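Enquirer: Spelled out from the first residue to the last, the chains are:
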Amino acid sequence: MAISVKVMNRPDPEDTSYLRAALSGMALTFRHLVNPSKVTQQYPEEPTDLSPRWRGTHRMEVHADGRPKCVACGLCPTVCPANCIRLVGGEDDQGNRYPIVYEIDEFRCIFCGMCQEVCPVEAIHVGQHFENAEYTRSRFVYDLDRLMEQDHPTTLLWDPSDPSSE
Amino acid sequence: MAELVTLTIDGQEVSVPRGTTILEAAKKIGKQVPHYCYHPGMSSPAMCRLCLVEVEGAPKSMPSCVTAVMEDQIVHTESKQAVGNRAGVLEFYLVNHPLDCPICDMSGECDLQDYVHAEGRAHGRSEEPKRVFGRDDFGGDVLFYGDRCVMCTRCVRFMNEVEQDERLTVVERGNRSVIDTFFEEGLEGTHWHGNIVDICPVGALVSKEFLYKARAWDLEHTPSICPSCSQGCNIELHTRDNLIQRIKPRENLEVNGWWMCDYGRHNHEWMNRGIRLEDPSVRTLDGAAGPMKWRDALEQLLQHVGVMGEGRVKAVATPFASNEDLGTLAELVGALGGGDMVYRSVRVEEEVVLKGFPTLARRKDLAPNTNGAELIGFTRVGDDQAAGGLEDIAKYDGIVIIMGDELSDQAEDFGREAGLFVYLGDQQSPAASNAHFVFPLTTFAEQEGSFTNIARRVQRFSPALEPSGMARPAWLILGALAAELNNGDAPRSAADAFSGLARRVEAFAGLTYQDIGIRGAVVNETYVLSES
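Chains as they are written, first to last, in this note's numbering: chain P, 1 to 166; chain G, 1001 to 1532.
Calculated directly from the structure, the hints in this document are not laboratory data.
Since this is a predicted model, take the numbers as computed values, not measurements.
In this text, a Cβ means the ideal position worked out from N, Cα and C, and glycines have one as well.
Hints should not be assumed to be uniformly reliable.
As the list claims (entries may be wrong) - Label pairs and their calculated CB-CB ranges:
| no. | chain 1 | residue 1 | chain 2 | residue 2 | range |
| --- | --- | --- | --- | --- | --- |
| 1 | P | V118 | G | E1251 | 42 to 52 Å |
| 2 | G | R1018 | P | E122 | 31 to 41 Å |
| 3 | P | E122 | G | D1198 | 30 to 40 Å |
| 4 | G | E1161 | P | R139 | 56 to 66 Å |
| 5 | P | V79 | G | G1517 | 12 to 22 Å |
Said to hold, decoys possible - Below, in silico cross-link-like pairs of lysine-lysine (BS3-like), each with a Cα-Cα straight-line distance of 25 Å or less:
| no. | chain 1 | residue 1 | chain 2 | residue 2 |
| --- | --- | --- | --- | --- |
| 6 | P | K69 | G | K1208 |
| 7 | P | K69 | G | K1027 |
| 8 | G | K1027 | G | K1080 |
| 9 | G | K1027 | G | K1060 |
| 10 | P | K69 | G | K1130 |
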């Protein structure tokens, strides 16, 4: 097969010069320099806004007397797709069902929020919180006391005025 | 054969003996008519009103649990009338029901929950406050939550008709009616009251022992045989996290009906016992025992057996071992030239008979397989506390094989003079300290096998738990040794071990695992139940 050569014309210097593009870019930069509207969030000096439906690390609601609201019904470990909740139920001194052990492995958790959705007593919640740095991996298994200590806002998985989204 | 009656249920023709109820006839074609008060083992008061079905020609819905079938009857269990009736009845049940499913132990296996989910209303219409009873201790192992009760009175009828010890009754009337005990006398002292927890269709009667321990849907159910006496009740082991959480009876009309005794029901802690033998170990010349691989340990044992000479064996087995284990032990003893084979078992004074089902009793013999041991050729020694009787074995200088018996009553020097002392067991035992070979065994809950009960019925059980460490079933270990000595084939499965037993022992001849199935089969001898 014969080799054919296609001859290309040398491009117009007008199209290949970077000068015009560089100048227009610098003009944009300069315009932002003097533009009063701010876009950049000054995190971490200023806290970020999270959506009310942001799903972060968990929080256990407590009764006024300090007991956890959890009744150890076992629905959250059952529904959890990541199998990250460990629950051992028992009877407390007043004869109520309560969790003797309640642990969530936040590393294994996929933050789907189904535990909150399934909870019949609105005890376990996912929260609007993501700053979870720790020095050891084991600290990411949150036990019951740790979950009750959390004080960040809880996630709104649905509109309270329209719970079934109708 | 009783006269057959043919009727049509939901468009399906079915023939049943005259006198059968519509509910039982529907069961035959796989239609479950919802019901609470009806139980096949007791009388039917037809008071729950849930099993009402439409019968063509009848002026109103008929309670299917007491209505006998008639020729050419046409029954609808799914018609608008029947379904509408059930929805209405279920709504009434929920008027006072607390709907505390999240904290109720019955949740997940509750008939009220199931039926309401299937056919009930999504929301109740009652606006009245619910009446509240709270919780009551009925004594024994039973707690009563009156609010959850649907007044089916199965528990009352069980105590009256089956246990025949009237301890429960209905007090008050109508809306306020509730099950109660007589004054302060609860269920304490009765021997079968655990069954009322099983037959309660809702979470009104719950077991104190199981209270809040596990959710029903987390439990795995394994068919098994109760090892607590020689009755051999068919049971289910309910396990979670490799632990037995509770025992429930499994229906078998030939053996235990629907029931089991409280002694067997609560005697399961030992199955979860933690201190176990986990590795085969061999005592070396300087007396120290070290863990070993199975292959090495068995090969060393075979070398030692070779120099011991023929017919110098004494074997002690536990009647908690399966037919397969005892059979392969007998085979091994035979391969070594024969010798004494004995077992020891606990016996109590009295049988505890269930009056309403007299073929069921907690037997005198508190081991599941004494009959199997007898048939295979073991003889009973020792007293009724399973102690003593091993005097000549303790000082014996031939081969001593101990299988399962923990020898807790024996002196520290048991078997010190033995030429070869092999200990097979699941527990750490002081008696094992003199053993040359210690082999870890699985418990009955960890292996497949069969027991021969008091009526010489062979019944199979299945493994429910993972074995601990390197523990193996005895038939596997002993079968391999016997096969090596006999130049035969080692059993590869419990079924294999059983067919080996069937070849060697007359009583088991012709039986296979397939024949035994899940209901059990009687061995080849006639046997009178009252004999023992």
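Enquirer: Lying within 56 to 66 Å: is that true of the beta-carbon distance E1161 (chain G) to R139 (chain P)?
Expert: Once the Cβ atoms are compared, 59 Å apart, the range 56 to 66 Å for R139 (chain P) and E1161 (chain G) holds.
Enquirer: Using the C-beta atoms of V118 (chain P) and E1251 (chain G), is the stated range 42 to 52 Å upheld?
Expert: 34 Å, violated
Enquirer: Can the suggested window of 31 to 41 Å be confirmed for the beta-carbon pair R1018 (chain G) and E122 (chain P)?
Expert: This hint is violated: roughly 57 Å between Cβ atoms.
Enquirer: Taking 12 to 22 Å as the stated bounds, is the beta-carbon spacing between V79 (chain P) and G1517 (chain G) within them?
Expert: 38 Å, violated
Enquirer: For the pair supplied as a hint, K69 (chain P) and K1130 (chain G), confirm whether the alpha-carbon distance does not exceed 25 Å.
Expert: Holds - the C-alpha atoms of K1130 (chain G) and K69 (chain P) are around 23 Å apart, at most 25 Å.
Enquirer: Assess, step by step, whether the Cα of K69 (chain P) is no farther than 25 Å from the Cα of K1208 (chain G), and give holds or violated.
Expert: Holds - the C-alpha atoms of K1208 (chain G) and K69 (chain P) are around 23 Å apart, at most 25 Å.
Enquirer: Taking 25 Å as the top limit, are the C-alpha atoms of K1027 (chain G) and K1060 (chain G) close enough?
Expert: 22 Å, holds
Enquirer: Starting from K69 (chain P), check that the Cα of K1027 (chain G) is at most 25 Å away, please.
Expert: At roughly 43 Å apart (the allowed maximum being 25 Å), K1027 (chain G) and K69 (chain P) break the hint.
Enquirer: Can the restraint linking K1027 (chain G) and K1080 (chain G) be considered satisfied, given a maximum Cα separation of 25 Å?
Expert: Satisfied, since the Cα-Cα distance of roughly 20 Å is no more than 25 Å.
Enquirer: Between the beta carbons of E122 (chain P) and D1198 (chain G), is the distance compatible with 30 to 40 Å?
Expert: 34 Å, holds
Consistency note: the structure conflicts with the earlier hints numbered 1, 2, 5, 7.
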